[in-house]
Amino acid sequence: MSYLNMNDEKLLPTVVELNTLLADYHIYYQNLRNFHWNILGENFFELHEKFEELYTDARLKIDEIAERILTLRYHPMSNLKDYLKVSAIKEVSSNKTDIEMVKIILDNHAILLEQMAKVINKAEKINDEGTIDLIGAYIRELEKTSWMLDAFTKDSSSQLKESIV
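Under UniProt numbering, the first residue of the sequence shown carries the number 1, and numbering increases by one thereafter.
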């Protein structure tokens, strides 16, 4: 029993999922840096700034996830070769159009959100409220960012679904 009043061994499944999320975030971060450096075209200024905003946010989340793993009294994964092996997000080439880059980021978001759901699932089983709170906030933020990026990829004639009132 640790200072968290949780059994260390019962924390292991949550830590495994957090380490996977950490790996996913590292590759996502590098994809964003790649796109930030290599964006071309009429959306250069807007996307160059947006990609920097996103990778700055990802860098903070990487640190918070690693610190949560440490708080749970385990070592966070910390080697690039391990991240590449574990992550469901893959490195991408820089030879992409602006819209392709945004769509890849949205695909990365889908993977991150799926992994976050796995973390929450494991954390709920052991009443790990700290992890649930941390990741729940990430989900809300990432869903909003995904909505905005998805809107960027749409033609201005696209329409949203009608509300049922």
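Source of the hints: derived by calculation from the structure; they are not laboratory data.
It should be emphasised that the depicted structure is a prediction, and the values quoted were computed from it without experimental measurement.
Hints should not be assumed to be uniformly reliable.
Taking lysine-lysine pairs in the DSSO-like style, the calculated list, with each CA pair at most 30 Å apart, reads [as the list claims (entries may be wrong)]:
(1) K154 to K96
(2) K144 to K90
(3) K103 to K85
(4) K125 to K96
(5) K154 to K125
(6) K10 to K103
(7) K103 to K144
(8) K85 to K161
(9) K144 to K125
(10) K161 to K103
(11) K144 to K154
Checked hints:
{"no.": "1", "hint": "K154 to K96", "in the structure": "holds, 17 Å"}
{"no.": "2", "hint": "K144 to K90", "in the structure": "holds, 23 Å"}
{"no.": "3", "hint": "K103 to K85", "in the structure": "holds, 23 Å"}
{"no.": "4", "hint": "K125 to K96", "in the structure": "violated, 41 Å"}
{"no.": "5", "hint": "K154 to K125", "in the structure": "violated, 39 Å"}
{"no.": "6", "hint": "K10 to K103", "in the structure": "violated, 37 Å"}
{"no.": "7", "hint": "K103 to K144", "in the structure": "holds, 15 Å"}
{"no.": "8", "hint": "K85 to K161", "in the structure": "violated, 39 Å"}
{"no.": "9", "hint": "K144 to K125", "in the structure": "holds, 27 Å"}
{"no.": "10", "hint": "K161 to K103", "in the structure": "holds, 21 Å"}
{"no.": "11", "hint": "K144 to K154", "in the structure": "holds, 16 Å"}
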